[in-house]
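Residue numbers (my numbering), protein chains in the order written: chain A, 4 to 309; chain B, 18 to 330; chain C, 92 to 480.
Derived by calculation from the structure, the hints in this document are not laboratory data.
Under the rule of at most 30 angstroms between Cα atoms (straight-line distance), these lysine-lysine pairs were calculated in the DSS-like manner: (1) C:LYS304 x C:LYS450; (2) C:LYS432 x C:LYS245; (3) C:LYS266 x C:LYS245; (4) C:LYS450 x C:LYS146; (5) C:LYS183 x B:LYS43; (6) C:LYS277 x C:LYS463; (7) C:LYS117 x B:LYS43; (8) B:LYS43 x C:LYS119; (9) B:LYS43 x C:LYS412; (10) C:LYS461 x C:LYS450; (11) C:LYS371 x C:LYS432; (12) C:LYS461 x C:LYS253.
Examples of chain A residues lying across from chain C (beta carbon under 7 angstroms, computed): (13) LEU8; (14) SER134; (15) PRO286.
Restraint ranges, calculated between C-beta atoms of paired labels, are given here: (16) A:LEU267 x B:LEU324: 47 to 57 angstroms; (17) B:ALA153 x A:LEU137: 36 to 46 angstroms; (18) B:THR215 x A:GLY66: 50 to 60 angstroms; (19) A:LEU267 x C:ARG254: 18 to 28 angstroms; (20) A:SER95 x C:ARG274: 54 to 64 angstroms; (21) A:ALA10 x B:GLN261: 35 to 45 angstroms; (22) C:ARG274 x B:ARG226: 51 to 61 angstroms.
Just so you know, these numbers come straight off a predicted model, no measurement behind them.
Note that the Cβ used here is the ideal one computed from N, Cα and C, for glycine as well.
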Amino acid sequence: MSLTLLALQALNGLQFGLILFLIAAGLTLIFGVMDFINLAHGVQYMVGAYLAAWFTAATGSFGLGLLLAMPTALAFGLLLEVLIFRHLYERSHLDQVLATFGIIIFLNEGVRLLWGSAPLSVPLPESLSGSIPLFGGISYPVYRLAIIAAGLGVAALLYGLVNHTRIGMLVRAGASNAAMVSALGINIRLLFTVVFGFGAMLAGFAGAMVAPILSVEPGMGDNVLILAFVVIVIGGIGSIRGAFLAALLVGLVDTLGRFIAPTLLRALLDPAAASQTGRALAPMLIYILMAAILFARPSGLFPVRR
Amino acid sequence: MSARLRGTLLPVSLFLALALVPVFAKLGPESFILAIATRLVILALAAMSLDLLIGYGGLVSFGHAAFLGIGAYAVGILSSHGIDDALLQLAAALAGAALFGLLTGLIALRTEGVYFIMITLAFGQMLFFLATSLAAYGGDDGMTLSSRSQILGHDLLRSDAALYGLSLGALLLCYLLCRRLTASRFGRVLSGTRENRTRMEAIGFQPFRFQLVAYVMAGLIAGLAGFLFANQTGFVSPATMSWQRSGDLIFMVVLGGVGTLHGAVAGAAAFLLLEEVLSHWTEHWRILFGPLLVLAVLFARGGIAGLVGGRRG
Amino acid sequence: MTTGKRTLGLAGALALVAGAAVAQEKVKVGIILTLSGPSAVLGQQARNGFEMAVKDLGGKLGGREAEIVIVDDELKPDVAVTKVKGLLERDKVDFVVGPIFSNVLGAIVKPVTDSGTFLISPNAGSSALAGKNCSPFYFSTSYQNDQVHQISGKVAQDRGYKRVYLLAPNYQAGKDAMAGFKRDYKGEVVEESYVPLNNLDFQSELAKIASLKPDALFTFMPGGMGVNLVKQFKQAGLTIPVLSSFTVDEATLPAQGEAALGMWNGSNWAPNLDNPQNRKFVDAYLAAHNAVPATYAFQAYDAAMLIDSAAKAVGGNMANKDAVRAALRKAEFTSLRGAFKFSANGYPVQDFYLTQVGKRADGKLETQIKEKIFSNYADPYVKDCGLAK
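Using the sequences and the hints given, assemble the complete structure.
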């Protein structure tokens, strides 16, 4: 195991973590501000990917496809908010879980009816295809670097928005005490709608960004949703900073763990036992990480004060 | 109708209907009807144990299928070593469930709310991945059981009706047990903790202990359900304890009405029968199933038990 | 024959009437496939293939009206058990055709064969059912899984690849794939890498491959995983040969696109297999579904033809299980793959090919036969199967 390879795997972990962050950011805000468990957040990611695939096929350009997919994902998120989610804010968490699960089932089947069961494919934009040489004579795909750049860009934007604008202040206040914000004469309903639409768009953006590298298929949001929940719980619900750090942590642990664990185990056990244990252990790593963090800090790394 | 009468109407009619299933099964494809009904009763048992946690303890476990898996794997692993005695298998299932419940409960109950949901998910996932790596026991593909469990050396459960009877008996027994439990001092402390933990602590209780006992109890019942489940399907695989299954159990509880115990039974019945009927109708049955869940939440507060009445106040 | 006619008494006449009543009975087939969720496309291909065969037979199987009941196993073993009980008990089918996935097969094989119903697998081909657990009620129109992976191993060995990188998902079929590959390959395996099932991002694997510089990559990555791997492999700029099974097929090629061009695959069939019945099948499938059929479709088509041949041989009398079994064993039908016969364990004895992804005249992608690797190959597990030939 060379050092360059390790660095490369770290880059992969970073990229994976940033995609997770894009999804988790909206989830943690919606949860933190509205106290609303939105299981349907994962399907927003899927819808984003499908929209990107659809518009790219229609316009013949991924750039245009992405540009069109974003506002459509936003509009779709707002539509869901007005039609259904709005009526669930006052309800118990369990009601929210059941209703949003119903939406997952509906939309997974819906995209299947519209686009078929076969995975769709989005061609990589010409300008971002190929790889560029990095350190140590190893090259890295340009598009992956673009994802990293976009993820970091969104993170910086969010940091600015949340910490240095009026709406960001309201969002932070809402995360701490929504009733108080409402009592101060703020239109909390509008704030909720804005936060919701923004979160949906971020998830849609993540879906659109991965469309050229992953297969676009029904149900693609389900496992990602679970990972996003792992991220926001580790980070502390409602905390963008927590979500960012936790997303990178999960991304790195998952990628590097799978890479390092077998090597480490081989030093301790005989090869057959090591590969057997390594195989069993690798997919568990992030759950072990989450359990350990919650054991030490029952409200995540950066609990929002209430 | 008085509230009390309405409160007993649903459970009594539910159990009556379930008891009549074998009679009606004789009129149609018997073993198929019994297979569906047995599956329903077993999942109802698992859902009811989860309702003990959710409805009374306020503890939403998202890893409850793990106990189902422990029970099923106890049957599978023992029978693959030639031990097919039901009592031994059941003892192993319950011991495994208790141990897992105790270990994970000690850690998970330090957290609350959504953090509890997620930490139980984490433990469930760990067990799931452990099962997929058990190459000797079929790994991801699972394993087929050579026969159903033997009772004192007799193949009594070979008859579908006997297995159904045993499952329904287990459900009824556990239901009565849980009702007694929730009405007792233990149940009151548990509910009290859900409503106000600080107050409970202030009057001298240690809520943690009560929650842990409830968590292990629920795990034991789900472990029993897992034992029955393996016998019903004749097959054990990690899919028994996937997070989707844990999710399904939560939905059954919520659909039926939280905190009523029999609501979970009604929820499991509605969930499975809807799936059976709709999927027979169209391949795209999920496009109908999803909106039905949304409508159920929006317009049927308190789930099925709430609709019928007699919801716990 | 005149003497025979004369001695035909009342009892004989009654038997004839009864025979006519039997003759009018339908042939019932229950189909259980994965028709929902991410892998639904495979089940749909198989369903299309079976339905096409029945259509080609004029809606009949063995000259009797065919009644087809299709159910979705949802890729959940326990759901499959309940659904299959419905087929057996409620619909009282004569044959069960399915499933796609081996974990579902493991769950349904016992209930189906225990009930004395014939199970014909149009895809899943567990080695577990080929050896000592073989069943007189189980037949397969596909292959025994290991054989397909073995093709790649044989090719790697014959081509003299010194170092090969193996990549598969972390589950039973993935482990079987690696074992199958290593059966004939004697060179160095630089890495046996397992990724989690439903892994989506292969970047870290690809980085490792690039750094180890093997002569070839062998992979088994079914469904969406294969789509992702192929796209990302190309994007990473890797150029080593890719030997594979169930990774590039007609079900995934539309999504993989040109990135898959030139990749190798092991199979018992390909759309361009040159015989009249196959040419007709592929053209008809294309016309009906605007897609190139994959092995799932062809194997299901063959399953229907097999049932047709058996139903014809027993004159529609499905109650005589031994006669049906004997007729199935004979496999007197024209398979799309050409020559076809069963081994004692119910798996086919057939040819296996190395195929390569190429472009059709109409611009669509397909796998194309390049070389025959094994001829009339019966899987080796049959020696443990106690059934008489």
